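Asker: Sequence:
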Amino acid sequence: MDKIKPSFIPAIGWFILSAILLTLPGSSFPKEDWLGKIWFDKWVHIGMFALLTFLWCWAFLRLRKSQETLKKVFMLTAMTAFLYGVGIEFVQKFLIPNRSFDLGDILADGAGCALGLIFSRRRYIKK
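If you count the sequence shown from 1, you need to add 299 to reach my numbering.
Just so you know, not all the hints are guaranteed correct.
Straight-line C-alpha distance at most 20 Å; calculated SDA-like pairs for lysine to any residue [stated by the list, open to error]: (1) Lys-370 x Leu-320; (2) Lys-425 x Met-374; (3) Lys-341 x Lys-370; (4) Lys-341 x Asn-397; (5) Lys-341 x Tyr-423.
Have a look at the derived ranges for each label pair, beta carbon to beta carbon [as the list claims (entries may be wrong)]: (6) Gly-403 x Ser-365: 32 to 40 Å; (7) Ile-424 x Ile-308: 19 to 27 Å; (8) Lys-371 x Lys-304: 18 to 26 Å; (9) Trp-342 x Ile-311: 36 to 44 Å; (10) Phe-393 x Ser-306: 14 to 22 Å; (11) Asp-340 x Ile-311: 21 to 29 Å.
By construction, these hints were calculated from the structure, which means they are not laboratory data. As the structure is a prediction and not an experimental result, all values here were calculated from the model. We put the CB at the ideal spot given by N, CA and C, even for glycine.
Whenever a hint applies, use it, and build me the whole structure from the sequences.
Answerer: See the structure below:
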């Protein structure tokens, strides 16, 4: 097996950290009412998934593929990150104490993936 390319280390690290944070029991989180009023949880999901998508796109960029291939890889990366977010919601519902399935989190995850994809394409793919 080949060595892991250094460009994948941040993406793998963020994936592991996000998996840990998204599978913490619900009792680990503060119960502040004002955070709910500003949809803090949704903004966290958007940021987490935007960064997740961006870091994976950046890692794949370092493999030096053609522009057309990168477009496809970036789209597949965003779609995979979104499916990961959907899967995590089911894990939270069925396997994590005091956590539940939240359609709003899925929408926020999708928004984050879209933002990460848009940023990556604008930043790294030439027209």
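Asker: Between the alpha carbons of Lys-425 and Met-374, is the straight-line distance 20 Å or under?
Answerer: holds, 15 Å
Asker: Is the hinted range of 14 to 22 Å satisfied by the C-beta distance from Phe-393 to Ser-306?
Answerer: Violated: the Cβ-Cβ distance is about 34 Å, outside 14 to 22 Å.
Asker: Verify the proposed pairing of Lys-341 with Asn-397, using a straight-line Cα cut of 20 Å.
Answerer: holds, 18 Å
Asker: With a cut-off of 20 Å on the C-alpha distance, tell me whether Lys-341 and Lys-370 pass.
Answerer: With Cα atoms ~27 Å apart, Lys-341 and Lys-370 exceed 20 Å; violated.
Asker: Within 20 Å, alpha carbon to alpha carbon, are Lys-370 and Leu-320?
Answerer: violated, 30 Å
Asker: Quick check: does the Cβ-Cβ distance between Gly-403 and Ser-365 fall within 32 to 40 Å?
Answerer: holds, 38 Å
Asker: Should the hint that Asp-340 and Ile-311 are 21 to 29 Å apart at their CB atoms be regarded as holding?
Answerer: holds, 25 Å
Asker: With respect to the beta-carbon atoms only, verify the hint that Ile-424 and Ile-308 lie 19 to 27 Å apart.
Answerer: holds, 23 Å
Asker: Between Lys-341 and Tyr-423, does the CA-CA distance stay at or below 20 Å?
Answerer: violated, 27 Å
Asker: I want to verify a distance hint. Is the separation of the beta carbons of Trp-342 and Ile-311 within 36 to 44 Å?
Answerer: Given range 36 to 44 Å: violated, Cβ gap about 24 Å.
Asker: For the hint 18 to 26 Å, verify it against the beta carbon of Lys-371 and that of Lys-304.
Answerer: Cβ of Lys-371 to Cβ of Lys-304: about 19 Å, so the range 18 to 26 Å holds.
In the structure shown, a violation is registered for the earlier hints numbered 1, 3, 5, 9 and 10, in ascending order.
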